[in-house]
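In case you want the letters, here they are:
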Amino acid sequence: MIETAYALLIGVFFATAVYLILSKAVIRMLLGVAVLGNAVNLLIFTAGRLTREAPPIVTAESGERLVAPYANPLPQALILTAIVIGFAMFTFLLVLGYRAYQELDADNTDTMRLTEPEKAPPPPTTY
Amino acid sequence: MASQTQAPDPGALPAAMIEHATAMADWVVILPVVLCLIGGALLLIMRKSRIGQAGLAILVTIGVIASDIALLMRTLDGPVSMTMGKWLPPFGIAFTADVLSAGFALAAAVATLVVLFYTQAELQLREVRHGFHALVLLMLAGVSGAFLTGDIFNLYVWFEVMLIASFGLMIMGGRKIQLDAAVKYGFLNFLATTFFLVALGYLYGLVGTLNMADIVTAAAVAPKVPMAAIASLMLLAFGMKAAAFPVNAWLPASYHAPDPGVSALFAGLLTKVGAYTLLRILVALMPGTRDWLGPVLVVVATTTLIIAPLGALAQTNLRRALGFFVIGGIGAILAGLAIGTPTGIQGGAIYAFNSMLVMTAFYLVAGLVERVTGEMDTRQMGGLYAVNSPLSIAFLVLVFAAAGLPPSLAFWPKLLLVEGSVASGQYWVLAAVLINSILTSIAGSRLWAHIFWRQGRAGTHSEQPNDRLRPLSPTYRGFAAVPTGALVLAIVLLGLWPNPVFEAGRLAATGLVDPVPYVAATGLAPANDAAQGGAAMASEETPR
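Protein chains in written order, with our numbering: chain H, 1 to 127; chain V, 128 to 671.
These aren't lab readings, by the way, just hints derived from the structure by calculation.
Since we're looking at a predicted model, the values are computed, not measured.
A few of these clues could be false.
These stretches of chain V come out as covered by chain H in the derived footprint (C-beta under 8 Å, 3 or more residues) [said to hold, decoys possible]:
(1) 291-299
(2) 415-422
Lysine-lysine pairs mimicking BS3-like chemistry, simulated, CA-CA at most 30 Å apart [unchecked claim]:
(3) H:K119 <-> V:K311
(4) H:K119 <-> H:K24
(5) V:K303 <-> H:K119
(6) V:K303 <-> V:K175
(7) V:K311 <-> H:K24
(8) V:K175 <-> H:K24
One side only, chain V facing chain H, incomplete, derived with CB under 8 Å [claimed, not checked]:
(9) F280
(10) E287
(11) D307
(12) A308
(13) V310
(14) P373
(15) I433
(16) I434
(17) L437
(18) G438
(19) L440
(20) A441
(21) T443
(22) Y512
(23) H577
(24) P644
Heads up, the beta-carbon is just placed ideally off N, CA and C, and yes, glycines get one too.
Could you build all of it, start to finish, from the sequences and the hints given here?
Put into structure tokens, the structure is as follows:
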């Protein structure tokens with residue numbers, strides 16, 4: 001039951017992220033990337049099956065092995081890694097967006113045309 | 128290899144820990160990555176010394192090449208695996224190398240070495256202090272790690288290592304055009320790795336394991352429809368990383384922005400990691416889904432093969448045109464994937480190996496051309512043949528290599544692709560491969576004619592000798608031109624004596640199509656269901 005709620009929430013996150021990333025403003029794209037990262041983390045968490053109130057801890061009573069039911073610890077490790085990496089990437093893109101705004105005086109991707117000039121020279125006609 | 132003797136104990140839980148130390152010889156699997164990471168850390172310490180940084184970076188890269196060669200020699204007898212942290216696979220993170228991964232890692236390290244020499248001529252002190260060499264080594268660590276890892280989440284981590292290092296290299300120098308390029312490159316590549324992470328989450332939810340060798344076994348019995356969805360997401364993610372046709376726009380928009388040495392490194396290494404991962408995942412890990420995605424792969428491969436040289440024809444910026452040649456090479460690798468027979472996969476794998484060396488060399492030659500002419504626009508070049516004829520020879524050889532014409536290594540994988548597509552009746556792929564060769568040779572030889580053959584600059588000056596050409600300085604000749612020339616020579620020699628590469632490519636393709644030795648190397652029980660029956664038969668005659 002709770003999985004359905006999570007799935008819906010992830011859907012909302014993805015929809016928001018896609019909407020924001022499709023924007024022309026770099027700052028909105030950045031927000032979209034941040035939301036997308038959270039959507040993916042929730043997705044991994046849910047894909048690892050949700051188990052309540054059963055920490056995955058081996059105790060002396062449990063006979064040195066995990067006794068079911070226990071929460072899956074692996075998705076948490078994966079998400080932790082993904083959060084760290086995602087945070088580093090987001091930070092870089094944030095600074096990059098800011099520098100691009102300073103240098104190119106543009107927050108609008110339509111006006112970022114240095115690498116792909118708007119008035120590109122016509123293809124060569126000789127040979 | 129050490130864990131191969133581990134027999135499952137029927138009564139109790141199977142052992143999950145490694146009891147004894149890893150054999151020293153198995154360390155060679157992680158050596159390429161470890162050397163790069165240690166080297167990168169040391170370079171940060173000595174960031175003020177230019178000569179020290181350059182020397183150490185080159186030494187470390189030579190060490191990486193040596194360990195890649197040692198690894199390749201070992202993998203000729205079968206895949207090598209090492210599991211870290213004492214947990215047996217599928218729990219511990221494993222590095223598993225076969226001929227394909229070791230060969231690609233070797234090509235990547237060789238390309239990096241040449242680029243490191245080249246950049247000594249063009250680097251400014253500021254860029255050295257900003258950690259250029261450390262970033263190059265970190266990128267090589269990411270690329271080697273992605274090739275050698277045997278754990279799919281670990282693969283994601285290496286992709287991100289590679290990506291963050293390439294971000295740093297992309298904006299090194301801080302020119303406006305680089306920031307503009309980095310926005311496009313950064314967002315789209317980060318999105319691609321995020322798509323990969325989504326696919327990874329689904330895959331884990333479905334098969335419950337992240338070890339690649341374990342996925343081979345689990346994916347064979349997993350429900351078909353979710354697997355197809357996961358494979359489609361993977362195809363999208365790595366198609367973006369590899370710059371396959373519908374999602375290729377970021378590559379010609381960004382690769383020409385940084386300095387030539389950096390763009391050569393990117394062109395040689397980055398897209399091929401995406402192509403390698405597609406080969407590994409769609410052929411070895413989920414062979415069933417490759418058959419499902421077959422028609423999609425054919426469309427993607429053929430359109431990439433044909434669109435790429437057309438894009439190159441329309442360009443006047445030299446390195447932007449080369450960007451389209453990189454995409455064309457990706458099309459050829461995808462064609463091998465689309466054909467799907469061992470011959471086709473062998474062709475795709477050898478083409479990827481070849482493309483790593485050729486594209487690095489091509490961008491470096493383009494960098495030399497830009498240096499001599501002082502221009503990035505082919506219309507303002509011209510008359511170069513009179514000033515620097517060796518450069519024109521190297522350029523022409525590389526045009527042949529990009530088009531897949533005989534004196535270069537690229538001819539042989541193209542031949543395999545043609546053979547494979549005829550044998551499996553995939554005439555669309557056959558037509559696309561041939562049209563790609565023709566169009567690429569037209570686009571490339573026209574670039575050559577514009578830059579070298581035409582007397583002077585375009586327009587009214589075209590009949591007068593170009594007076595703006597400057598001969599290369601001794602630094603450029605020694606550090607940049609000689610290593611680049613050596614790489615071009617190596618490409619020609621490999622084309623004339625292709626047997627070792629050809630044979631290694633055959634072993635690599637066998638290893639992908641029949642993953643039983645790959646699974647066995649990690650110590651996991653090989654799959655024994657009917658679907659793998661034919662493959663198991665084939666594995667009885669051990670390669671070499």
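Determine which of the earlier numbered hints do not hold for this structure and return their numbers in increasing order.
-> When the structure is compared with the hints, numbers 2, 8, 14, 15, 16, 17, 18, 22, 24 turn out to be violated.
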